[in-house]
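Protein chains: 2
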Amino acid sequence: MVAYSPRLARLIESLRRLPGVGPKSAQRMALHLLDRDREGASFVARSIDEALEHVGRCPSCRMFCEGGNCLYCSPSRAESGQLCVVETPADLLAIESSTPYRGRYFVLMGKLSPIDGIGPEELGLSLLAQRMGGDRVSEVIIATNPTVEGEATAYYVAEMARAAGLKVTRIAHGVPMGGELEYVDGSTLAHAFSGRQTLGA
Amino acid sequence: MVAYSPRLARLIESLRRLPGVGPKSAQRMALHLLDRDREGASFVARSIDEALEHVGRCPSCRMFCEGGNCLYCSPSRAESGQLCVVETPADLLAIESSTPYRGRYFVLMGKLSPIDGIGPEELGLSLLAQRMGGDRVSEVIIATNPTVEGEATAYYVAEMARAAGLKVTRIAHGVPMGGELEYVDGSTLAHAFSGRQTLGA
Ligand SMILES: [Zn+2]
Ligand SMILES: [Zn+2]
Chain A
51 MVAYSPRLAR LIESLRRLPG VGPKSAQRMA LHLLDRDREG ASFVARSIDE ALEHVGRCPS
111 CRMFCEGGNC LYCSPSRAES GQLCVVETPA DLLAIESSTP YRGRYFVLMG KLSPIDGIGP
171 EELGLSLLAQ RMGGDRVSEV IIATNPTVEG EATAYYVAEM ARAAGLKVTR IAHGVPMGGE
231 LEYVDGSTLA HAFSGRQTLG A
Chain B
51 MVAYSPRLAR LIESLRRLPG VGPKSAQRMA LHLLDRDREG ASFVARSIDE ALEHVGRCPS
111 CRMFCEGGNC LYCSPSRAES GQLCVVETPA DLLAIESSTP YRGRYFVLMG KLSPIDGIGP
171 EELGLSLLAQ RMGGDRVSEV IIATNPTVEG EATAYYVAEM ARAAGLKVTR IAHGVPMGGE
231 LEYVDGSTLA HAFSGRQTLG A
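So the protein lines, in turn, are chains A and B.
Residue numbering for the first sequence follows our numbering, beginning at 51 and increasing consecutively.
Residue numbering for the second sequence follows our numbering, beginning at 51 and increasing consecutively.
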């Protein structure tokens, strides 16, 4: 074991809390910050503190937001009447960055998983039901992940939307664009096959 | 472009100051900290602040140290009379973690590079000369990297050590242990070949 001075050791240990950072990278980051970018180090610390203090949850869509001013609940986004349901903030950002969709969202912050004690309450589904009922929503777009739990969640949300008399759609799953059938995993291919669509004449 | 709320945007931007962190990882880290590990986020910010405030340079070996108490300049390390010269703190830590060497060090914090304005003064070579002269040093072990600049630095330091009447050694370079000749780059192989050593009878 290498002997580090105590605060350097603690800095390395703390950087390992970042996802994808192992002991080697944490050491490299710590040395880089102390040795070559103390200003950057200070910037990181300040930005974390600021974010922890000011970034909360939007009470309507559950995405991160600041000062009650939610980027994803602006009035212009209500025009289409569409509401897209996603599992996580990262999923919301992925849709924003790759699709032209600029409607509203609801972030579940998870998926149904009885084993982990995650049920409708934890996912804020009563709030989602309220929004379906009273928020001028006409279409619910379900964009949960195509995993067992994501599918179960999609099924549950779809039932809720149907009960509220809304149109329900699910984003398509199948062979990725540019993917080759030969290399796609079997369950994706089976899904793509059974979900085939009629082509126009 | 995805719209982030301002402090989330700044957090992502700040995390990109960490080495090896691109936009995708920075976003993943920021969401992880805000969503799943706010305590860890706080730990990172505190550890950075603490390290910036308390981790300085040892006036003798130039390694990071805290409160004037250098781990690498302890009296027991002086016994061998050896002084190992390295380019960076990371190099020092690599030697500590992989070799049994527990003598003293001198960290250049760089290498001679006239183009970048890095000369003997920037590398603290006058301090190194003092240590060679008066610090009960008998052997200078040069462990700069086998790059053009590292070799130039090694040459310069070796001349200083010889002028001080000290034994000078250079760590060996050649085919890595477990490496195969076929896959080693040409300059390493040429170096290993010309640096071949006589085997005992
Ligand atoms: Zn919102
Ligand atoms: Zn020292």
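Calculated directly from the structure, the hints in this document are not laboratory data.
Just to be clear, a hint being listed does not mean it is correct.
Each pair may be met inside one copy or between any two copies, as identical chains are not told apart.
[To be verified] Calculated cross-link-like contacts (lysine to aspartate or glutamate; reagent style EDC-like; alpha-carbon spacing at most 20 Å):
hint	residue 1	residue 2
1	Lys74	Asp185
2	Lys217	Glu201
3	Lys217	Asp185
4	Lys74	Glu172
5	Lys217	Asp235
To see whether the hints hold, each was checked on the structure:
In the homo-oligomer, the alpha carbons of Lys74 and Asp185 never lie at most 20 Å apart, since the shortest distance is 50 Å inside one protomer and 33 Å across protomers. For the homomeric pair Lys217 and Glu201, the shortest alpha-carbon distance inside one copy (18 Å) is at most 20 Å, but the shortest distance between copies (71 Å) is not. Only within a single protomer do Lys217 and Asp185 lie at most 20 Å apart by alpha-carbon distance; the minimum there is 14 Å, versus 82 Å between protomers. Proximity of Lys74 and Glu172 under a CA criterion of 20 Å is satisfied in neither setting, with 36 Å inside one chain copy and 28 Å between copies.
Proximity of Lys217 and Asp235 under a CA criterion of 20 Å is satisfied in neither setting, with 31 Å inside one chain copy and 63 Å between copies.
Taken one by one, the earlier hints fail for this structure at numbers 1, 4, 5, listed in ascending order.
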